[in-house]
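Those protein sequence lines, which keep their order, are chains A and B. Residue numbering for the first sequence follows our numbering, beginning at 192 and increasing consecutively. Residue numbering for the second sequence follows our numbering, beginning at 9 and increasing consecutively.
Heads up, some of the hints might be wrong.
[Said to hold, decoys possible] Derived coverage of chain A by chain B (criterion: at least 3 residues anywhere in the stretch with Cβ under 8 Å from a Cβ of chain B; other residues may be distant):
no., region
1, 213-224
2, 260-270
3, 276-285
4, 339-352
Hints in this document: simulated from the structure, not taken from any laboratory. Where is the CB? At the ideal position from N, CA and C, for every residue including glycine.
Here are the chains, one letter per residue:
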Amino acid sequence: MSPDDILRIDGLTKIFFGFRALDGLSLHVSRGEILGLVGPNGSGKTTCINVVSGLYAPEDGSIRFDGAEVAGLAQHKLVHRGINRTFQVPKPFMQLSARENVEVAIAYGGARQGEVDAAALLGSLNLDAVANRPAAELNSAQQKMLDLARALATKPKLLLVDELAAGLNPAELDWVAAKLKEFARSGMSIIVVEHLMGFIEQVTDRVVVMNAGKEIFGGTLGEAVQDKQVVEVFLGGGHAH
Amino acid sequence: MPRYAKHILFIVAPLVAAFAILPFAYNNQLLLFNFVLFLTLAQGVNVIYGFTGYLPFGYVGFFGAGAYGFSLLILHLHAPPLAAMGGAAVAALAIALLLTPLLRLSGAYFSIANLAAALALMQFISNPNLEAITRGPYGVSMTGVFNPRLAYTMALIVMAGAMLVAVWLRNSRFGLALQAVREDPVSAAQAGVDVPRARAYAWLISAVIAGLAGGVFAWYVTVFYPENVFSSDYSIFAVVFALFGGVSTILGPIVGVLILYGVYNFIGFSTPQYFQLIYGALIMALVLFLPQGLISLVKRRGIDVP
Ligand SMILES: Nc1ncnc2c1ncn2[C@@H]1O[C@H](COP(=O)(O)OP(=O)(O)OP(=O)(O)O)[C@@H](O)[C@H]1O
Ligand SMILES: [Mg+2]
């Protein structure tokens, strides 16, 4: 493992009822890098995030994070080590206010006392106006930002974002892209799962293309679109399995 | 003034004061005692249901465990009642620890398993083979410690404790974490909360509240049978009162007990023949039209209810 790698996944396998959602996936992320993770529907992108963030334990394979093996650790322990994520469908605490949503993460996420300020964090994601409203009353873009705010409140070293851009308008997209780049400049490593290729091009240095639970390509997006296998998988769409 | 101080000053203190004074003005002390008991139990249900979402249909198991924990120390060790209250807490805590695996179940499965556990505990205690220890089905008699005035005072203290727990949960990081767990356990873990541990703490705290209530009940009545302290009426009443008022607030369970137990006694006295009909209809109306409890009527107007 190169000392620059914050994350290295090897031979990761996740099986649901006999179905290999991850089938020996390998990839790595450098410190401060934004990696794009792309692939057709059902190729295993979300499952990869779910396993790396501890929601599911893998059947096989290794996940080395920040120099230690972390495969199979519980979610909250991974949070404390510095891995956090957003959800493809945002999952805020609906009855709690936006502010309380991040306060829980500030209190329990492992950040040092006083390191994260709820008001400042909400403000930085344009949520200050709705800080005291229950999350249930926020629109879907705001709920996505609240999911992101909860993750950021735990001061992650590795952030996994699952289709954050879907459903945002062009101005919001540019703004989110700038945010992610700002995080990366401050040293955070990020995996961005996204279907919007324009967004991927804007924020990532490198992409991994997945199909049927495996990586089929690693390189720049420009190279990916030249790759025969990648083109086939994307045009073939539903025939991925 | 910090929020928790307001809650103590304007909710807990007046409530405790009222029930401390009422016995001088009203001579049905047993009824007052039952009010205090249900205020305690409803707040205990609030801790586990309101703050974690587990609905404990077998909540009475802890109450019964507390009653027997208290009584066994009196009967076998001739402990003073005050020390025996410790036995009540420990007995409920032990049962709750034994039952923590139930927290892996969700929804109705948890509720049913909890109910079964309470029934099993009653069967175990009323086993005639255990007569030498628990007095089996023949019941407990501890007339030596009969002292309703002291027992009532102890009940007030236990109630105050349960209220203070609710105030703490409503105003602390831990209470917020529990609400997050109730809202979405996966997201709560993603906020860094150790979900199984948070649930277990709430479960144990809630059990101790019921155990102390059971202990104080045993002290107050001094003579009882297993069916009395394991009666599912306690679980049902405590759950219904808490739901009626509205859980995950301090005020909800209090309002629920004062109104519903008040109505219960009023109907029971005035028109006993229609009692079950009226009470049953009331509960159905509640579930259908006010699933979040009375408090939700106020909350809907955007008012933050303590
Ligand atoms: N909890 C689960 N139980 C059973 N099957 C699952 C589960 N999670 C994912 N799968 C299956 O694993 C496969 C990969 O799903 P995954 O959600 O990882 O795909 P994805 O690449 O994120 O797709 P999309 O782009 O549509 O979000 C799918 O066939 C899905 O049905
Ligand atoms: Mg997905």
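Hint by hint, here is what the structure shows:
1. 213-224: It is violated: at least three residues are needed, and the region 213-224 of chain A offers just 0 whose Cβ sits closer than 8 Å to chain B.
2. 260-270: holds (count 4)
3. 276-285: Since three or more residues must qualify, the claim that chain B covers the region 276-285 of chain A holds, with 6 doing so at under 8 Å.
4. 339-352: holds (count 4)
The structure does not agree with numbered hint 1 stated previously, though it agrees with all others.
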